[in-house]
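Undergrad: Protein sequence lines correspond, in order, to chains A and B.
Under my numbering, the first sequence has 302 at position 302, and the numbering climbs by one with no breaks.
Under my numbering, the second sequence has 166 at position 166, and the numbering climbs by one with no breaks.
Keep in mind the hints are simulated off the structure, nothing from the lab.
Hints should not be assumed to be uniformly reliable.
Intra- or inter-copy, both count: the list cannot distinguish identical chains.
As the list claims (entries may be wrong) - Within a straight-line C-alpha distance of at most 30 Å, the following computed BS3-like cross-link-like pairs (lysine-lysine) qualify:
1. K311 x K82
2. K361 x K179
3. K130 x K52
4. K255 x K280
5. K348 x K361
6. K400 x K366
7. K405 x K366
2 protein chains.
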Amino acid sequence: MLQSQLFTETTKETPRDEKSLNAKLLIRAGFVHKEMAGVYSYLPLGLRVLRKIQNIIREEMESMGGQEILMTVFQPRDLWLKTDRWSKGIGKDMFKCKLNRSEVGLGPTHEEIVTRILKSYIRSWRDLPKFVFQIQTKFRKELRAKSGLLRGREFDMKDLYSFHESEKDFERYYEIIIKSYHKILERCDLRAILTEASGKGFTASTPHEFQVIAPAGEDTIFYCPGGDFSQNKEVAKLKAGDKCPICKRILIENKSIEVGNIFPLGTKYSKDLGAYFTDKDGKKKPIVMGCYGLGPSRIMGAVVEIHHDSKGILWPKEIAPFQVHLIQLQKNPKVKKKSKNLYNALLKTGTTVLFDDRDDKSPGEKFADADLIGIPWRMVISERTLEKDSVELKRRDREKTELVKIRELLSFLEKYVQ
Amino acid sequence: MLQSQLFTETTKETPRDEKSLNAKLLIRAGFVHKEMAGVYSYLPLGLRVLRKIQNIIREEMESMGGQEILMTVFQPRDLWLKTDRWSKGIGKDMFKCKLNRSEVGLGPTHEEIVTRILKSYIRSWRDLPKFVFQIQTKFRKELRAKSGLLRGREFDMKDLYSFHESEKDFERYYEIIIKSYHKILERCDLRAILTEASGKGFTASTPHEFQVIAPAGEDTIFYCPGGDFSQNKEVAKLKAGDKCPICKRILIENKSIEVGNIFPLGTKYSKDLGAYFTDKDGKKKPIVMGCYGLGPSRIMGAVVEIHHDSKGILWPKEIAPFQVHLIQLQKNPKVKKKSKNLYNALLKTGTTVLFDDRDDKSPGEKFADADLIGIPWRMVISERTLEKDSVELKRRDREKTELVKIRELLSFLEKYVQ
């Protein structure tokens with residue numbers, strides 16, 4: 001993409017009421033625009049990152065047999081009354097709109113809708129297990145939304161629901177999902193701790209959260225540095241300073257970021273909504289269910305909280321908006337022509353490139369923008385580099401620059417960049 | 001995709017309150033699930049079609065220099081008060097939710113939000129023109145939503161906004177968009193008529209609609225069969241039976257489907273929200289704007305209204321959920337093995353395939369499902385076809401079947417299917 005065409009620019013200003021570091025950096029770099037507290041629009045660079053995170057999640061969900069659907073934002077009142085959640089638990093935090101003489105809710109989660117859909121198709125044990133997911137905008141009435149993308153009133157969510165003939169089959173799948181979530185988060189360069197959590201109105205059994213250790217998190221967890229034990233403060237029986245019950249190391253406290261959660265749902269929703277199947281012995285049984293959330297927008301915020309320095313963002317390779325930030329330093333015809341040729345050659349190799357072809361910016365401004373935007377590789381082309389038939393390459397997370405011959409660029413890209 | 005794994009099935013039942021043909025067929029074939037009047041979830045097959053339509057639109061918008069963003073569903077009340085639309089015009093049909101002591105709206109359109117975003121970045125005539133679009137779920141308070149995907153309370157929408165330094169530049173772009181919309185609709189196998197429409201509270205100047213001639217449309221237009229003239233009933237000065245003022249042919253009446261609309265916005269939003277730029281002479285001027293809507297979900301509904309027969313849907317090639325419906329007729333080990341090998345070989349050629357590998361369905365049931373689902377090519381593999389090292393191919397829109405040698409399949413696919 002030509003940076004001269006991109007409608008966004010970097011800015012030093014952020015909204016006065018914006019306190020969170022992730023939103024401040026994302027606004028300054030032109031990734032998001034704040035519409036109101038906890039409500040952000042995604043601008044071209046931000047949407048590219050969000051889509052990359054969504055695609056990583058999609059790939060992993062599909063590789064486990066997940067089938068993608070797109071359910072509705074609107075939630076019928078009657079359906080939520082059947083599970084007794086319209087005015088209780090999560091239903092209390094649900095936005096509601098008037099429609100004719102009734103009301104509709106805006107989905108903060110989709111157990112009711114997905115159970116009713118699957119109920120139409122599951123009759124026998126032969127139809128189980130089934131795994132259904134969606135990636136969708138969700139809504140929750142947060143009274144104070146002040147953590148940027150970490151806790152929005154309107155946010156992006158992947159929710160997967162699983163349907164099983166037995167608790168045993170559900171448990172087997174629960175373990176597979178835990179591994180898959182760790183894999184997704186590793187691809188986004190985040191390391192998460194699996195933490196026992198409170199039920200939050202979803203279920204009576206123990207759900208788990210994926211917590212990323214970070215200074216700006218909204219949650220407090222107590223965890224053992226060996227990774228053997230961790231609990232959310234809400235349910236913790238042990239505190240910081242206590243010994244880990246497994247490895248005996250001292251527990252540490254952290255204000256952490258919840259990026260995902262997984263809930264055993266048992267048969268609550270299948271019983272409430274009449275989702276039964278016939279088992280091998282011809283007996284009617286309620287379907288055993290699980291629910292698995294993961295927040296792409298929250299992951300985006302968490303990545304910025306973890307991967308930044310005083311100059312800006314440092315995007316991990318797999319979710320960066322572009323692989324290479326190509327910067328043309330001078331605007332004399334020779335440099336401009338060579339830069340444009342190089343840009344087109346890079347595109348032909350399948351490399352994604354943001355090309356800073358702007359004529360009205362100084363080298364200093366261009367470098368500062370590149371640092372703020374945070375693309376993993378900066379590639380500078382100038383009179384000086386062209387004298388040596390080279391470009392200057394620098395990783396965003398390193399100080400060192402190196403000259404690479406243009407004719408050797410392809411193998412360099414294959415080895416390090418792609 | 002293996003049909004045995006797909007969680008949906010075809011069904012003969014449709015909800016009692018469902019009157020529209022498009023929704024009935026899409027529900028019976030397992031493409032969508034009705035949650036309430038005018039509110040449908042997309043199941044795996046339906047989501048594949050919706051994504052293909054969205055991608056055609058995205059390609060065409062990007063080819064014209066459109067930059068994709070994703071704005072918020074939530075609309076701040078203060079912002080809509082500035083344009084005097086909160087309780088008037090389209091604002092009257094806006095769903096609204098309480099938040100703290102105020103209210104937020106659910107976006108039926110995004111002039112306010114997009115103008116405020118672009119205002120931050122446009123300062124000079126050098127920053128113009130700019131084209132920004134999104135593909136997003138939108139909401140509108142339809143009192144009676146009874147036309148399936150043609151008029152939803154929750155629906156999918158592409159909205160593009162253009163920003164210009166002059167009316168003249170805007171007009172140039174308006175013509176480009178008209179061509180592009182026709183191209184998008186042709187790729188979806190729809191032929192639309194460009195019709196003069198009423199302002200609908202957006203603007204004072206003349207907007208246009210893209211109307212598809214269909215028996216089940218919600219709009220009435222009067223048009224000349226030569227394509228020289230057409231007007232929506234709302235604004236029509238001429239009626240069916242009158243002569244076309246240009247070619248003198250007799251005007252025809254039709255209950256048509258509006259799939260897109262384009263609006264000259266003038267400087268209403270830029271003036272109301274203070275979006276000014278400095279022109280070449282250093283003078284401050286309000287930005288001239290245009291708005292261009294196109295409904296992917298509405299296109300999906302319109303395609304079903306137009307392309308179906310008594311047995312089911314006939315998807316146009318570019319938006320079909322799969323290119324080939326491979327049907328394994330017998331379940332003896334030889335046919336099963338050959339079918340699976342063929343399925344894998346097809347996937348390797350890049351062909352998308354729904355593979356009916358179900359053991360519990362009769363040939364008659366499989367053929368009926370294939371006709372209802374409507375994939376363009378049906379490929380049958382059976383003992384009989386294998387005796388001739390062949391598969392039987394049939395186009396969904398033709399009666400004729402033909403045997404094609406398996407070793408000649410690749411060139412057949414390249415020529416006709418892909």
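Undergrad: Determine for every hint whether it applies to the structure shown.
TA: Evaluated hints:
For the identical chains of this complex, K311 and K82 are neighbours neither inside a copy (52 Å) nor across copies (37 Å), given an alpha-carbon limit of 30 Å. For the homomeric pair K361 and K179, neither the shortest alpha-carbon distance inside one copy (46 Å) nor that between copies (36 Å) is at most 30 Å. For the homomeric pair K130 and K52, the shortest alpha-carbon distances inside one copy (26 Å) and between copies (25 Å) are both at most 30 Å. For the identical chains of this complex, K255 and K280 are neighbours neither inside a copy (48 Å) nor across copies (53 Å), given an alpha-carbon limit of 30 Å.
In this assembly of identical chains, the alpha carbons of K348 and K361 lie at most 30 Å apart only when taken from the same copy (27 Å versus 48 Å across copies). When the C-alpha separation of K400 and K366 is checked against a cutoff of 30 Å, the pair qualifies only within one copy, where the shortest distance is 18 Å, while the shortest distance between copies is 63 Å. For the identical chains of this complex, K405 and K366 are intra-copy neighbours only, at 22 Å inside a copy versus 60 Å across copies, given an alpha-carbon limit of 30 Å.
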